[in-house]
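**Q** Just so you know, the protein sequences line up as chains A and B, in that order.
Heads up: the first sequence at position 95 corresponds to 95 in our numbering, and the numbers run straight through without jumps.
In our numbering, each number is its position in the second sequence, counted from 1, plus 304.
FYI, nobody ran anything at the bench for these hints, they're computed from the structure.
Watch out, some of these pointers could steer you wrong.
[Stated by the list, open to error] Among chain A residues calculated to face chain B with C-beta under 7 angstroms, some are:
no., residue
1, T44
2, L45
3, L48
4, A111
5, S153
Where is the CB? At the ideal position from N, CA and C, for every residue including glycine.
Residue-level listing of the chains:
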Amino acid sequence: MNIAAAVGQLLGVVLAPLLPGLIQTLKARLQGRRGPSPLQPYRTLRRLWSKSAVDPEGTGVVYRLAPPLIVACLIAAVLLVPLGGRAGSFGLGHDALVLVGLLALARFTAATAAWDTGNGFALMGAARDLMIAVFGEALLLLALLVAALPAHSTDLRAMSTAAAGGQIWSAPAHWCGAFAFALVILVETGRQPIDSPDTHLELTMIHEGPLLEYAGRDLALLHWAAAARHWVVLVLGAGLFLPHPRGFAASLGVEVAEVIALCTALALVETSEAKMRILRVPLLLGLGCAIALAGAGLSIGGAT
Amino acid sequence: MSALGGVALAGALTIVIGGGVAAMRDRLRAGLLVQAAGMTLLGVVGLLALTDGERAGSAFRSAVAPALGLDPLSGFFLAVLGLTAVPTLVFARDYLPGSSGDRGVGALTAGFLLALVGVLAARDVTTFLAFWELMTLLPAAAILVAKRDAAVRSAVYAYLGITHVGGAGVWIALLVLQHHGAIGDPAALAAAGSGAQTLVAIAASVGFGTKAGFIPLHSWLPRAHPVAPAHLSALMSGMMIKVALYGLIRVEFQWLGATPRWLGIALVTVGVVSSLGGVLWALVQQDLKRLLAYSSIENVGIVALGLGASLLLADAGSRIWAAIAFAAALLHIANHATFKTLLFLVAGAFERAVGSLDLDHLGGLLRRMPWTGGAFLIGSMAIAGLPPLNGFASEWLTLQSLLHAALHRPVGVALVAGAALGALAATAALALLCFVKVVGLALLGAPRRAECAAAVDPAVGMRAGMVVLASACVVLGLIPGLVLPTLMSLAPGARHSQFTRHLGLSLPGTGAYPALAVAVVLALLTAGLTRLRGSRRSAPAPSWACGQPVVPALGWTSAGFTKPLRLVLESVLRPQRTIEVREGGGMVQESTYAGHVPSLVDTVLYEPTIRAGLRAATVARRLQTGNIRTYAAYLLGLVIGLLLLARTGVL
Chain A
1 MNIAAAVGQL
11 LGVVLAPLLP
21 GLIQTLKARL
31 QGRRGPSPLQ
41 PYRTLRRLWS
51 KSAVDPEGTG
61 VVYRLAPPLI
71 VACLIAAVLL
81 VPLGGRAGSF
91 GLGHDALVLV
101 GLLALARFTA
111 ATAAWDTGNG
121 FALMGAARDL
131 MIAVFGEALL
141 LLALLVAALP
151 AHSTDLRAMS
161 TAAAGGQIWS
171 APAHWCGAFA
181 FALVILVETG
191 RQPIDSPDTH
201 LELTMIHEGP
211 LLEYAGRDLA
221 LLHWAAAARH
231 WVVLVLGAGL
241 FLPHPRGFAA
251 SLGVEVAEVI
261 ALCTALALVE
271 TSEAKMRILR
281 VPLLLGLGCA
291 IALAGAGLSI
301 GGAT
Chain B
305 MSALGGVALA
315 GALTIVIGGG
325 VAAMRDRLRA
335 GLLVQAAGMT
345 LLGVVGLLAL
355 TDGERAGSAF
365 RSAVAPALGL
375 DPLSGFFLAV
385 LGLTAVPTLV
395 FARDYLPGSS
405 GDRGVGALTA
415 GFLLALVGVL
425 AARDVTTFLA
435 FWELMTLLPA
445 AAILVAKRDA
455 AVRSAVYAYL
465 GITHVGGAGV
475 WIALLVLQHH
485 GAIGDPAALA
495 AAGSGAQTLV
505 AIAASVGFGT
515 KAGFIPLHSW
525 LPRAHPVAPA
535 HLSALMSGMM
545 IKVALYGLIR
555 VEFQWLGATP
565 RWLGIALVTV
575 GVVSSLGGVL
585 WALVQQDLKR
595 LLAYSSIENV
605 GIVALGLGAS
615 LLLADAGSRI
625 WAAIAFAAAL
635 LHIANHATFK
645 TLLFLVAGAF
655 ERAVGSLDLD
665 HLGGLLRRMP
675 WTGGAFLIGS
685 MAIAGLPPLN
695 GFASEWLTLQ
705 SLLHAALHRP
715 VGVALVAGAA
725 LGALAATAAL
735 ALLCFVKVVG
745 LALLGAPRRA
755 ECAAAVDPAV
765 GMRAGMVVLA
775 SACVVLGLIP
785 GLVLPTLMSL
795 APGARHSQFT
805 RHLGLSLPGT
815 GAYPALAVAV
825 VLALLTAGLT
835 RLRGSRRSAP
845 APSWACGQPV
855 VPALGWTSAG
865 FTKPLRLVLE
875 SVLRPQRTIE
885 VREGGGMVQE
895 STYAGHVPSL
905 VDTVLYEPTI
915 RAGLRAATVA
925 RRLQTGNIRT
935 YAAYLLGLVI
945 GLLLLARTGV
955 L
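Only chain A is shown next, with the shape it has when bound in the complex (with noise of 0.2 angstroms):
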């Protein structure tokens, strides 16, 4: 079995890019238009692969490195996370603040190269883009702390496993965890209403301001990387904060299906939800470490 959950980790590096697609045209249809179809990403991710990249002057090593690294963080990442409670053996351990520290790697990459540029819209959203990360950081600290309980491990398989049948869901811990995972899954995919992926204005851009100098085979990997933060948080949310049965193959086919309803939920909330003031956003966050935070000591003083 951890075979099969090996090959649909590694299979994860390959479809991670149908998830945004999926809410693209998912969105489009709900908006009232055609759309784009789910493959939309990767035809783009063929068009760009074919072009030359551009390097903007002055520019260094920094600059360069970037990509790939931010791209291995992330499909270490993809690595780390369990498929329906299991996971393959990748000498990466299957540890949950690990997988903290690897994202938080890539953010400090792109951040950086966005200095190496020194162009003034890659910096605005490089720094608005860590601005969140402070309270972002702390909110996913916190949600993983409640699914870590019932558990007693941050081991992300034991964590999934705790999480699996349908008892945890008569504790209201489980449900203020649940609440702040979602807000985690916004920020780290960037959806409205804290960033919009969509936007062509570079002064409202967020994650995508620090790819702005980028191209070709560069911009390709980067492009990437945004649909694997996509894959990493859903599939994560699945398997820690849904529902889901406890035995391998109907976990892992349950898991399919929330995170599919999830990327629908996604289409949804851009739909109707404008974005944000970006100074509001840190109240948003903090208010879903409290309830965090409540969730917590709601399972240790319900624990017996």
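Fit chain B to the given chain A structure using the hints.
**A** Chain B only, in chain A's frame:
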């Protein structure tokens, strides 16, 4: 005397000789290298004492007679001191000569190192306090030998004032312990009752906490560390504050008898305030050395979080995790010592090359100073807590400790640990923001001044010191699992054989962090993807500024990059700014901007206290008229008052 003790004495003697040689004319370089040799010996002795669990010299005793000795805990700190001091001295060999008062500073460096070693080796109260005071005074003397303008004098005065007032706590704690015969004997203080325990715990926290830089007792630290010569700043921030933590650990973890639960909660609270406060104010600094000093406060806070979590876990009955949390704190001490020493040394090299440490005056140094810049990049990534470097290993352990402390009842304690977990995560993200800013402003982009464009790597000694420390950051990050069991065995109540050794961090109740494997996977993937991408590139183009020409005036500043966070946290940071716009002929001709973020603790705590003190002094001075008749009246009043009291039977 054991062989270990003999080698230790030989090392100390070598440092004394090195100090003497450094004071001679034209022998400064040789003197510093002799000191480095002595520190190497002492570092090896420390390492042996740590790994073999060997003891040398006398044990701790309450008698008032000078005694020196070594045990594994002292050995650990001595080994870390060796690891950081030797590269620092090699750096100083090429850095110090030629600066003002160089020979005096060189000799005082030896004295400072001996004082640090002495505190670690002291085995009785008198020796400890003597070396403790020397450790405070000698760097102050060295700073004044090197520079003595008004700003430096005022910084040194604040340093001595605050550390001495706060340092009284150390005297109180140790003398109370001595009084109860409890130096090295936890049973004695337990027998003395909880009153004495509470007094010792509070006094030690204040005394050692002042020296370690706990907020709100930290105010001297961002003043004193930046004004010292680079190698002394490195030793002060890298080791002196760690030696204060050594004292804290000795008293509160080994001699207190029973550790009360409130002490764990207090340490965690202090840790949250110090780590969040330290990194927030680091973020808004303009001066690189001041920024690094504030970041030291943050890291001391992280150590306090580990120590507090250890107490809470021991209180909840989880022995293994209490030992892990303790080891996490020690590992972070070692890690912070390496990367903070490195960063201060690099700051010194930058200052030499560019002539300024204002972040907005640097830029583009990675290309022009590849060795220095590369070392700085590694140090910054380590301090920002990024895998696979050493900062991440200890932060991972501290996060895990807090998370596991949050698994146990009572709910209140669990909530404190949970809140601290969130705060530490935010701290890590803030440190990331802070060091992205520093790396970007100093190393990347276009040079902001002509001096930066002309900067080159420094002499080989300075380069060697920085490269050794940067390698230490990498190596310690890759093999944390080999170090951890040794550190866990130092925890109170732990035994050596309990823990198995792995290459990575593989602990119960976690998904394991195989550091080396993560590093290899990341490196292989990056290399493979770089190959896959190929090197097909079009001609370079200017970066996109909406069609405007890219001019230096469009470059981003330190203030600009932190603006979103400053706006969000305006109520905490309370930034002050002045903008002057000069208009002429209906057009803006010129505008100037100046902004800074004052230290909140200074404005709400120290300044009102100083004002109140001065006001009280003004009132008190009215009594001192200088008129002899008034003084006669005071005496008369006193006599009458005493007579009245005696008459009414009060006296």
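**Q** All hints, please: hold or fail.
**A** Structure-based check of each hint:
Interface restraint check for A/T44: the shortest CB-CB distance to chain B comes to about 16 angstroms, outside 7 angstroms, so the restraint is violated. With a least beta-carbon distance of about 13 angstroms to chain B, the hint placing A/L45 at the interface is violated under the 7 angstroms criterion. A hinted interface residue such as A/L48 counts as satisfied when its beta carbon comes closer than 7 angstroms to some beta carbon of chain B; here the least separation is about 11 angstroms, so the hint is violated. For A/A111, the suggested interface contact is upheld, since its CB lies about 4 angstroms from the closest CB of chain B, less than 7 angstroms.
With a cut of 7 angstroms, the hint placing A/S153 at the interface with chain B holds, because the nearest CB-to-CB distance is about 5 angstroms.
Comparing the model with each numbered hint stated earlier shows that hints 1, 2 and 3 do not hold.
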